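Go ahead and model the full structure; you've got the sequences and the hints to work with.
Protein chains in written order, with our numbering: chain A, 2 to 377; chain B, 2 to 377.
The set of hints was computed from the structure by calculation and includes no laboratory data. Treat the numbers as computed from the prediction; the structure is a model and nothing was measured. The C-beta atom is built at its ideal place from N, Cα and C for all residues, glycine as well. Hints are all accurate, no fakes.
Interface residues of chain B toward chain A, partial, derived using beta-carbon atoms under 10 Å: (1) 234; (2) 236; (3) 241; (4) 242; (5) 299; (6) 355.
Protein chains: 2
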Amino acid sequence: MKAVGLVAEYNPFHNGHRYHRQQAQQVTNADVVVAVMSGNFTQRGVPTIVDKWHRTREALQNGVDLVVELPLFYAVQPAHLFAAGALRLLAGLGVHDVVFGAEHPHWDFRQLVAAEKDFQTTSFHRYNATFATQFNQELAKRTGHQLTAPNDILAFAYQKAQEEEKLPIALHAIERVGSAYHDHHLGGKLASATAIRDAVAAGHVPEHAVPPQTAADLREVATVPTWDRLYPLLRNQLIQAPVARLAETYEVAEGLEYRMKDAAERSLDFLSFQQAVKSKRYTYARLLRAELYLLLQASAKEVEAAMEQPYYHVLGFTKAGQRYLHQVKKELPYPLIVKVDQNLKRGLMNLDYRAGKLYQVFTSREQDLKRPPQRL
Amino acid sequence: MKAVGLVAEYNPFHNGHRYHRQQAQQVTNADVVVAVMSGNFTQRGVPTIVDKWHRTREALQNGVDLVVELPLFYAVQPAHLFAAGALRLLAGLGVHDVVFGAEHPHWDFRQLVAAEKDFQTTSFHRYNATFATQFNQELAKRTGHQLTAPNDILAFAYQKAQEEEKLPIALHAIERVGSAYHDHHLGGKLASATAIRDAVAAGHVPEHAVPPQTAADLREVATVPTWDRLYPLLRNQLIQAPVARLAETYEVAEGLEYRMKDAAERSLDFLSFQQAVKSKRYTYARLLRAELYLLLQASAKEVEAAMEQPYYHVLGFTKAGQRYLHQVKKELPYPLIVKVDQNLKRGLMNLDYRAGKLYQVFTSREQDLKRPPQRL
Numbered sequence: 002m003k004a005v006g007l008v009a010e011y012n013p014f015h016n017g018h019r020y021h022r023q024q025a026q027q028v029t030n031a032d033v034v035v036a037v038m039s040g041n042f043t044q045r046g047v048p049t050i051v052d053k054w055h056r057t058r059e060a061l062q063n064g065v066d067l068v069v070e071l072p073l074f075y076a077v078q079p080a081h082l083f084a085a086g087a088l089r090l091l092a093g094l095g096v097h098d099v100v101f102g103a104e105h106p107h108w109d110f111r112q113l114v115a116a117e118k119d120f121q122t123t124s125f126h127r128y129n130a131t132f133a134t135q136f137n138q139e140l141a142k143r144t145g146h147q148l149t150a151p152n153d154i155l156a157f158a159y160q161k162a163q164e165e166e167k168l169p170i171a172l173h174a175i176e177r178v179g180s181a182y183h184d185h186h187l188g189g190k191l192a193s194a195t196a197i198r199d200a201v202a203a204g205h206v207p208e209h210a211v212p213p214q215t216a217a218d219l220r221e222v223a224t225v226p227t228w229d230r231l232y233p234l235l236r237n238q239l240i241q242a243p244v245a246r247l248a249e250t251y252e253v254a255e256g257l258e259y260r261m262k263d264a265a266e267r268s269l270d271f272l273s274f275q276q277a278v279k280s281k282r283y284t285y286a287r288l289l290r291a292e293l294y295l296l297l298q299a300s301a302k303e304v305e306a307a308m309e310q311p312y313y314h315v316l317g318f319t320k321a322g323q324r325y326l327h328q329v330k331k332e333l334p335y336p337l338i339v340k341v342d343q344n345l346k347r348g349l350m351n352l353d354y355r356a357g358k359l360y361q362v363f364t365s366r367e368q369d370l371k372r373p374p375q376r377l
Numbered sequence: 002m003k004a005v006g007l008v009a010e011y012n013p014f015h016n017g018h019r020y021h022r023q024q025a026q027q028v029t030n031a032d033v034v035v036a037v038m039s040g041n042f043t044q045r046g047v048p049t050i051v052d053k054w055h056r057t058r059e060a061l062q063n064g065v066d067l068v069v070e071l072p073l074f075y076a077v078q079p080a081h082l083f084a085a086g087a088l089r090l091l092a093g094l095g096v097h098d099v100v101f102g103a104e105h106p107h108w109d110f111r112q113l114v115a116a117e118k119d120f121q122t123t124s125f126h127r128y129n130a131t132f133a134t135q136f137n138q139e140l141a142k143r144t145g146h147q148l149t150a151p152n153d154i155l156a157f158a159y160q161k162a163q164e165e166e167k168l169p170i171a172l173h174a175i176e177r178v179g180s181a182y183h184d185h186h187l188g189g190k191l192a193s194a195t196a197i198r199d200a201v202a203a204g205h206v207p208e209h210a211v212p213p214q215t216a217a218d219l220r221e222v223a224t225v226p227t228w229d230r231l232y233p234l235l236r237n238q239l240i241q242a243p244v245a246r247l248a249e250t251y252e253v254a255e256g257l258e259y260r261m262k263d264a265a266e267r268s269l270d271f272l273s274f275q276q277a278v279k280s281k282r283y284t285y286a287r288l289l290r291a292e293l294y295l296l297l298q299a300s301a302k303e304v305e306a307a308m309e310q311p312y313y314h315v316l317g318f319t320k321a322g323q324r325y326l327h328q329v330k331k332e333l334p335y336p337l338i339v340k341v342d343q344n345l346k347r348g349l350m351n352l353d354y355r356a357g358k359l360y361q362v363f364t365s366r367e368q369d370l371k372r373p374p375q376r377l
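In structure tokens form, the structure reads like this:
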């Protein structure tokens, strides 16, 4: 059986994702579709609109055959770590083709990656601009391309990861369809995930833009999960923990611990907190990720150690997906987890388990322990 | 000027407290009444129904002349530490008479304290009963008295502290009036603080049982502060922090860290959490205090160090109280704090400051920084 790999958040699964899945299969002539999907928190560090099990079921009902969780230590990361983690897992699953959407699918991402090799990234440590901005100015100077659209950035990261780790994977960039990622306007049968989430937050499920399973799931969303509801927990962590301990947190350092503690003491709501913390040096996504690691009390040491020990947590499969898994499971480079037990909860999967407990702020359902994969 | 000292929680200030204040003045013939009062969390580790500033104003309007905060590291403690801390502060304030209510004011508490000196308390470490139960069985055997009523227990603790620290304080036990402490029935013009809080929680302010200022304050209470609202914060702390760090917390050890982590993982609400944690070994008050220190991420090391450095945080005074403070302030054994500044916030008063930030879950008003005393 030949598989095509996708890297997804499906937050939630919409018609654009279904079209993308079809295209991926067509382009590669694959028998099965394997998706590596973020868990309950996205790359930007925000809670997903419905949990990973619902999103898995949505994907399975729309032509994805196997859904594997991208562990939090890969998922909630800047593009280069997110992309590298996802491709590493897919390569280990015997996937030789990965298809992804990009804003500029016809760019030669190999050339961009080659251009980057000459950068003196050490000179990017200006404090009045994000790393991304400085990186981009340099790239544009050399190649004429602005790497600013989110899927172009990921495309670049896939290319770079593939080369660096010499992964036996062919990358296929295809055109993203429908509304742009940040487009808030609904139209036709396509809408961006952002527009869909905004509609649900406003009390309206955009049925035309999502498959039936997604529509059913979204109708059950009483309150869209947001950072506003996590903020009391974050605030108390920032106020009560000594700065030295805050500074041990993954992605919190360089004085961010003081800045955040001070902002938390002064800010009673998340919006004012973020405004108080934001500077030209950090993007909001960078801050949100750091804030999530603060809530998980995850130290740099812990996250870095976890990144060295990935695994395959199977969230769901169709019959074809199950056959494929059976075909590849003896060759997997990392442990296969079909059901989380007490040992995995305390050990290998501890960070994902804790993220699932945090997600219970939004939905009381246990997210990991003893949950079997979704089957279709 | 001659002062009489009271030790109070005023949660909230009610007619019984006013009567007690009158009696105290009468018994001792004092010119001014000085109260040492718990801050925003009680001895049992629960958030007060209104904040310390409101409760101070209630006291000032009903004959108390000077209100000093009992720091959290003395206030949220078992009776012996609570009593010793309060008496130490009062003695330092030049108070030579302390009046308190007891269920059995005519007992000879000196005799009880003397009897205790022969106890082999090391034999009290049975795990199927609280320390208090074992202590009581021994005391009853020797003196015929059961030390089970909350104010008798405090009376005993005052006597013991007075003797141990040789404080120049005369202790006057007087009869508690009106409903018993745990009596839930309102009647006449007197009601216990518990009954008053329960009435407010049920949506009714028992105006007949409280002075006008308290009635006004209680009418402003939208939701009575409870642990239910703190539980999401406690739960996340217990889930995310490693057990080794939980075990460093003040009053958390002897395996309580494992028991609490496990209960937090399994319990979505505070009631089920408490039921899962409770054992014969610990009282609910003991657990609540430990849980509060967990929320404050206060280590044993931190709290023990803080207990060595008490201070006088003045919450309010009448004109007479101000004159009295002026009279004694040069002789105070500990620092006098009239307004909390950045240094005090980060230093001496840090634990109280953090408790005030935690209390902002209930009321958004800043509790310490830059707040001047209430004046009447």
